[in-house]
Amino acid sequence: MSTERPTQSDRELWRSLATDRVAPGSMSGPVSDLDFAAWLEGRLSETEAARIEAAVAADPEMRRAALELSEVLGMPLPAAPARLQVRAEALVGFEVEARAKRAGLFDWLLASDRRFVLPRVATLTAAVVIAISGFMLGGGLGESMAKERYASASQTSDTANELTEFLSSDGL
Amino acid sequence: MTELNQIDLRTLVTGNKRAWDSFVTAAAPLINAVVRRTLASYRLSEEDVMDAAQDVFVRLCANDYRLLKTYDPARAGLSTWLAVVARSAAVDHARRRRQATTPLDDVPEASLGVEDRHVEKLKIPQGLLTDRQMLVLKCLYDEEKDVSEVAQLLKIDAQTVRSTHHKALLRLRSHFQEEPQ
Chain A
1 MSTERPTQSD RELWRSLATD RVAPGSMSGP VSDLDFAAWL EGRLSETEAA RIEAAVAADP
61 EMRRAALELS EVLGMPLPAA PARLQVRAEA LVGFEVEARA KRAGLFDWLL ASDRRFVLPR
121 VATLTAAVVI AISGFMLGGG LGESMAKERY ASASQTSDTA NELTEFLSSD GL
Chain B
1001 MTELNQIDLR TLVTGNKRAW DSFVTAAAPL INAVVRRTLA SYRLSEEDVM DAAQDVFVRL
1061 CANDYRLLKT YDPARAGLST WLAVVARSAA VDHARRRRQA TTPLDDVPEA SLGVEDRHVE
1121 KLKIPQGLLT DRQMLVLKCL YDEEKDVSEV AQLLKIDAQT VRSTHHKALL RLRSHFQEEP
1181 Q
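Keeping their order, the protein sequence lines are chains A and B.
Going by the working numbering, the first sequence opens with residue 1, and the numbers climb by one from there.
Going by the working numbering, the second sequence opens with residue 1001, and the numbers climb by one from there.
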């Protein structure tokens, strides 16, 4: 590979110039990761590429990123340590684990196969209808509350009668 | 071994374990290389390199693969996009580590201070150089890269870098000869 570098006088000229420092992105707007990647691959149109080149020229951090990435992407990659791979694989669980987490009624209705959604909805509706009919046949809440109220009222009047009898027997 | 361009991204973002494992196998060498290259100048430990690489994978699958879902194959290749994401995660990791571990007294004064050289420099007028000319000069002089490295970055041949460099210097010389100061 050639290691051609500029001459000393060119370098001196450059050193005499104030070339810094435009704030990153202030000239041409922020550069997204996708735009930057597309520029690194030389996929952008001339206008789009000029916008990224202006940002890279203005921002030393972006320039370093571009040079480093271009270097890494252009060389053969060594294998990653096994430990790295094992740790990364552990970040996503098996489907059985994922399914076990979904336990709600809504999840049961929508679980895995969409073909079974209709029968599931029908089963659930039938269960609700049966429960409501059973409740209505049993008289519902209104009747049971009325019975309870009658029982407590008759118990109160019995206590009042007993008190009246006791007081009258003492001549009060 | 599965190549990155063979990964079925649609299956991957559904949370499929096998697709994730294939993705990890294919992406690990690239992510490992980018993270190592990025952290080389920060002088961090091997454990930090592992943690930073793990951070990249965490970012990719977090929040129901939100980051991976932003990737658009029509815009850029998966490996290049992953490299950009990996570098950005590695830089964040290094900055967090440095903030967490380096007492201010340990930082060399030179890296904290503002440059105290009152040298009047000539201003390059806006528009004198094109963005590409400016980028070529900055890569050659500020980053001290050679012509072939700049050519590789800009996906152009070395001769084009040379001629861009030459034209830029001619413009600078002619401008500052006509208007000294």
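Since the hints were derived computationally from the structure, they do not count as laboratory data.
Fair warning: this is a prediction, and the values are worked out from it, not measured in the lab.
Please note that a few of the clues may not be correct.
[Stated by the list, open to error] One side only, chain A facing chain B, incomplete, derived with CB under 7 Å: (1) W14; (2) L34; (3) E68; (4) L77; (5) R120.
[As the list claims (entries may be wrong)] To be clear about the criterion: a stretch of chain B counts as covered by chain A if any three or more of its residues have a C-beta under 8 Å from a C-beta of chain A, and this derived list gives those stretches: (6) 1021 to 1035; (7) 1046 to 1054; (8) 1064 to 1078; (9) 1124 to 1137; (10) 1140 to 1150; (11) 1163 to 1173.
[Unchecked claim] Label-pair restraints from in silico Cβ distances: (12) A:A146 with B:T1014: 53 to 59 Å; (13) A:A82 with B:A1062: 43 to 49 Å; (14) A:E41 with B:T1014: 26 to 32 Å; (15) A:L17 with B:Q1006: 44 to 50 Å; (16) A:E41 with B:L1170: 39 to 45 Å.
No residue lacks a Cβ here, since even glycine has one placed at the ideal position from N, Cα and C.
May I ask which of the numbered hints given earlier this structure violates, with the numbers listed in increasing order?
Structure breaks hints 5, 13, 16.
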